[in-house]
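S.K.: Just so you know, the protein sequences line up as chains A and B, in that order. So for the first sequence, the numbering used here puts the first residue at 1261; every next one is plus one. So for the second sequence, the numbering used here puts the first residue at 1261; every next one is plus one.
One should not assume that every hint holds.
Note that the list lumps identical chains together, so a pair holds whenever it fits in one copy or between two copies.
[Claimed, not checked] Heads up, simulated DSSO-like pairs for lysine-lysine below, C-alpha to C-alpha not over 27 Å straight-line: (1) Lys1389 / Lys1402; (2) Lys1645 / Lys1430; (3) Lys1330 / Lys1623; (4) Lys1430 / Lys1676; (5) Lys1660 / Lys1498; (6) Lys1430 / Lys1307; (7) Lys1531 / Lys1627; (8) Lys1627 / Lys1368; (9) Lys1623 / Lys1362; (10) Lys1660 / Lys1430.
For the record, the hints were derived by calculation from the structure and aren't laboratory data. Please read all numbers here as calculations on a predicted model, not as lab measurements.
Number of protein chains: 2
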Amino acid sequence: MYEKIIEMAKRRGFFWPSFSIYGGFSGFYDYGPLGVLLKDNIIRQWKESYLRDNAIFIDTPNITPEPVFKASGHIARFSDIASECKNCHAKFKFESVLSYNKIKEIPKNIEEANALINEYELKCPECGKRIDNAYDFNLMFKLNDMYLRPETAQGIFVNFRLLYNYNRNKLPMIVGQQGKGFRNEISPRQSLIRLKEFNQCEIEAFFDPSELNFGELFNYNKIMIVPNNSDPVEITVKDAYESKIVSSQAFAYFILKTQVLLERIGIENTKLRFRQHMPDERAHYAADSWDAEALIDDEWFEIVGIANRTDFDLTNHDLSSGESMKVSDSEKQFIPYVIEPSYGIDRILLSLMSQSYYSRDEKMVLKLNYDIAPYHVAVFPLMKKEELRNTAYDLSRKMKNIDPYIVYDETGTIGKRYARQDEIGTPFCITVDYQTLEDGTVTVRDRDSTEQKRIKIDDILSMNNFSSLM
Amino acid sequence: MYEKIIEMAKRRGFFWPSFSIYGGFSGFYDYGPLGVLLKDNIIRQWKESYLRDNAIFIDTPNITPEPVFKASGHIARFSDIASECKNCHAKFKFESVLSYNKIKEIPKNIEEANALINEYELKCPECGKRIDNAYDFNLMFKLNDMYLRPETAQGIFVNFRLLYNYNRNKLPMIVGQQGKGFRNEISPRQSLIRLKEFNQCEIEAFFDPSELNFGELFNYNKIMIVPNNSDPVEITVKDAYESKIVSSQAFAYFILKTQVLLERIGIENTKLRFRQHMPDERAHYAADSWDAEALIDDEWFEIVGIANRTDFDLTNHDLSSGESMKVSDSEKQFIPYVIEPSYGIDRILLSLMSQSYYSRDEKMVLKLNYDIAPYHVAVFPLMKKEELRNTAYDLSRKMKNIDPYIVYDETGTIGKRYARQDEIGTPFCITVDYQTLEDGTVTVRDRDSTEQKRIKIDDILSMNNFSSLM
Chain A
1261 MYEKIIEMAK RRGFFWPSFS IYGGFSGFYD YGPLGVLLKD NIIRQWKESY
1311 LRDNAIFIDT PNITPEPVFK ASGHIARFSD IASECKNCHA KFKFESVLSY
1361 NKIKEIPKNI EEANALINEY ELKCPECGKR IDNAYDFNLM FKLNDMYLRP
1411 ETAQGIFVNF RLLYNYNRNK LPMIVGQQGK GFRNEISPRQ SLIRLKEFNQ
1461 CEIEAFFDPS ELNFGELFNY NKIMIVPNNS DPVEITVKDA YESKIVSSQA
1511 FAYFILKTQV LLERIGIENT KLRFRQHMPD ERAHYAADSW DAEALIDDEW
1561 FEIVGIANRT DFDLTNHDLS SGESMKVSDS EKQFIPYVIE PSYGIDRILL
1611 SLMSQSYYSR DEKMVLKLNY DIAPYHVAVF PLMKKEELRN TAYDLSRKMK
1661 NIDPYIVYDE TGTIGKRYAR QDEIGTPFCI TVDYQTLEDG TVTVRDRDST
1711 EQKRIKIDDI LSMNNFSSLM
Chain B
1261 MYEKIIEMAK RRGFFWPSFS IYGGFSGFYD YGPLGVLLKD NIIRQWKESY
1311 LRDNAIFIDT PNITPEPVFK ASGHIARFSD IASECKNCHA KFKFESVLSY
1361 NKIKEIPKNI EEANALINEY ELKCPECGKR IDNAYDFNLM FKLNDMYLRP
1411 ETAQGIFVNF RLLYNYNRNK LPMIVGQQGK GFRNEISPRQ SLIRLKEFNQ
1461 CEIEAFFDPS ELNFGELFNY NKIMIVPNNS DPVEITVKDA YESKIVSSQA
1511 FAYFILKTQV LLERIGIENT KLRFRQHMPD ERAHYAADSW DAEALIDDEW
1561 FEIVGIANRT DFDLTNHDLS SGESMKVSDS EKQFIPYVIE PSYGIDRILL
1611 SLMSQSYYSR DEKMVLKLNY DIAPYHVAVF PLMKKEELRN TAYDLSRKMK
1661 NIDPYIVYDE TGTIGKRYAR QDEIGTPFCI TVDYQTLEDG TVTVRDRDST
1711 EQKRIKIDDI LSMNNFSSLM
């Protein structure tokens, strides 16, 4: 399915490798016309979902000065172990060298990596000659004394004081930021899975560490929960919290909220799980981490990371900047704790497309929810006759005044047009035919059932939206 | 008004200088919680407006490889004339040095700039000593062999072939991209006016050069038109085209469309004008350019640039990449012409805020259109009593299920809360009081008229949206 999606995504205009006319540059993808609409819809769902929880949002620059990342630990520790071939000078993530040489041991630092190089006389995956010493490769893109941010989170942390003031000095405070992150990946992976420039929607939720409570743990679908110290269990998030699999109520709330959001976007419940990081798998700032993972073909991919960043970042910015990050209530002063659900929009989009794409009668259908689909309705003339075209085009224009996500199409046979709209996920197609000219009705076709029925144009144009067209 | 807006924007959470805890870095601003919502609304208006014209959109990386900008002419020509002080080593845009030294002549190149330095013995605006030779300062941010894009347009041009294919090989084709642009400005200007990292919404409209026609030139409000070779005239865009002030129908259409969009966003017709560039004022790629300019206080600022880029970019990418950018119809082969309306979102937002902010009875009101305002409705309890709070909070939650852009507020007196919502532009406030508990009605207050009336909660909750709450 993954390969099919990549092919279809380029053919239909969802996404494709960037700068292909100049030979392509690994780690960069463009969203095409349908991908932009789909991505924007996913981001809107995220934003509206968190607005309902009284979240506030911020938008800070991609370019970020060095002191921010000195404080955040990214300059010292945001790196991969890399190595280079002595002979052909190809560069590798050290993981790839180990995997090529069939070594299972995982080095924790450069010293251990170099010990493995010497012990096993590791060979270059490209040319087979010896590889050179390992070194730390910082993943940030550098511009003189600035960097491109590797995560949107720091833009929130450095503004904590202004945001807290905006929020009338109240905790919990939920802050979101949507934007680009940049990581100079040594080995970018399959298409949207590991990009050098990627789309993030991050939430930083600030708490009094003695009160990690937020929202309501309501009952919802059971989900696969994979703790790091016991067997996987299919359970509701509420029950997982009550049986102490998840450590705090607030942490459980963001897992539940993430589950609801992903299922609303269209990720299948049976192809979604929450897995707790092993202690040595966590980022440098995290005390506990759970990943939402989605199944693409038979592989699980992280699509959301939920981390307890504790007071790590705020404490470091407090020390480095001299600006106090402490808040006080009647009894004490403290630096807030942060729980961070971080949504990888590119991976969510790719998982969604993979899980939604299926074959029906030898034709492909992309079964997207109405709110997520790039276009809601396609409008066709049955044939390219003047009177049918005029009526259909005019109908599409009037419908766009109600909802701009309407597409007019007159290219190819009606069968090809239905097939095209099915493959790009359009929920409804409307066809104008000769009967339309007589009685003002059109055929409406449902993508999933392929059922058709006739509806009056006047009734369509009196709707507020087209979600219940059939 | 400009100074007031800057103060209010920070105090209320629209925008503020970035990284202030680390001392601030000129040319970078954050959008705060209200600014994010306002900016997103402006961008949505742009997107939906162009969707109605069958535009397609793309989203390409900020990081862009060198060959793209070699072809586009940005590496050779996207520069300012700069100079440095021999004594204090301060760096200046050459313009600033001239202005400090009260020289009116404008050099066209480095040679002319150096001639002026010698002729007038130009002094440093900082320390008064002699300044050094002038040099070309390229405005792009460089990352090894990559650059941060100075405009989103090139991401569209390099994808012309894929987009044209998506568009079923039809012209005109209207392509949009919304995203960040980056320019290493030597002297960033007032707040959002000239940023190093800024928000652009660009449209590239591709045409057969012999058929520069698109859309319909309908009648609309008269607007001030300032041609480069005759007197300003107040006229409809349609009449301006018919009297040949604007050269092509398509160019006139995008001026008209821009006028409609800006007026819909809330820019005042009397504080908006379209001014044609003088020939020596145009960018290196443009054959004709018109700016939409908005009045902030008594100064006009470019907020949208509409340029005829001809076949400049596509021809260069055709030559540099070896990928053909030619298209053919039944009679000929040609490289399409491009008309580019480019919207500077930060400046539009700043103009809108400046023009919408006014004093009423010694209190400030931000008169934003309903569709543009960060929040549509604020919900208050009259006082912080348990029963009023619960009812008001519950009402706000239910309203958020219909429209997430609802804010609940219980801090301060009711008078202060009205004043706060007026100042941030919220069109309606709803207050829950003791009568609510008896008869299920609430007070709705209109921001502009300050009129109040009582409405049933049930009636509010049966609405599809709250735009006609009063």
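S.K.: A separate judgement is required for each hint: does it hold in the structure or not?
M.R.: Checked hints:
| no. | hint | verdict |
| --- | --- | --- |
| 1 | Lys1389 / Lys1402 | neither (31 Å within a copy, 34 Å between copies) |
| 2 | Lys1645 / Lys1430 | between (64 Å within a copy, 18 Å between copies) |
| 3 | Lys1330 / Lys1623 | neither (53 Å within a copy, 44 Å between copies) |
| 4 | Lys1430 / Lys1676 | between (57 Å within a copy, 18 Å between copies) |
| 5 | Lys1660 / Lys1498 | between (42 Å within a copy, 24 Å between copies) |
| 6 | Lys1430 / Lys1307 | within (21 Å within a copy, 35 Å between copies) |
| 7 | Lys1531 / Lys1627 | within (15 Å within a copy, 48 Å between copies) |
| 8 | Lys1627 / Lys1368 | neither (44 Å within a copy, 58 Å between copies) |
| 9 | Lys1623 / Lys1362 | neither (41 Å within a copy, 72 Å between copies) |
| 10 | Lys1660 / Lys1430 | between (42 Å within a copy, 21 Å between copies) |
Figure legend: structure checked against the earlier numbered hints; hints not met, in rising order: 1, 3, 8, 9.
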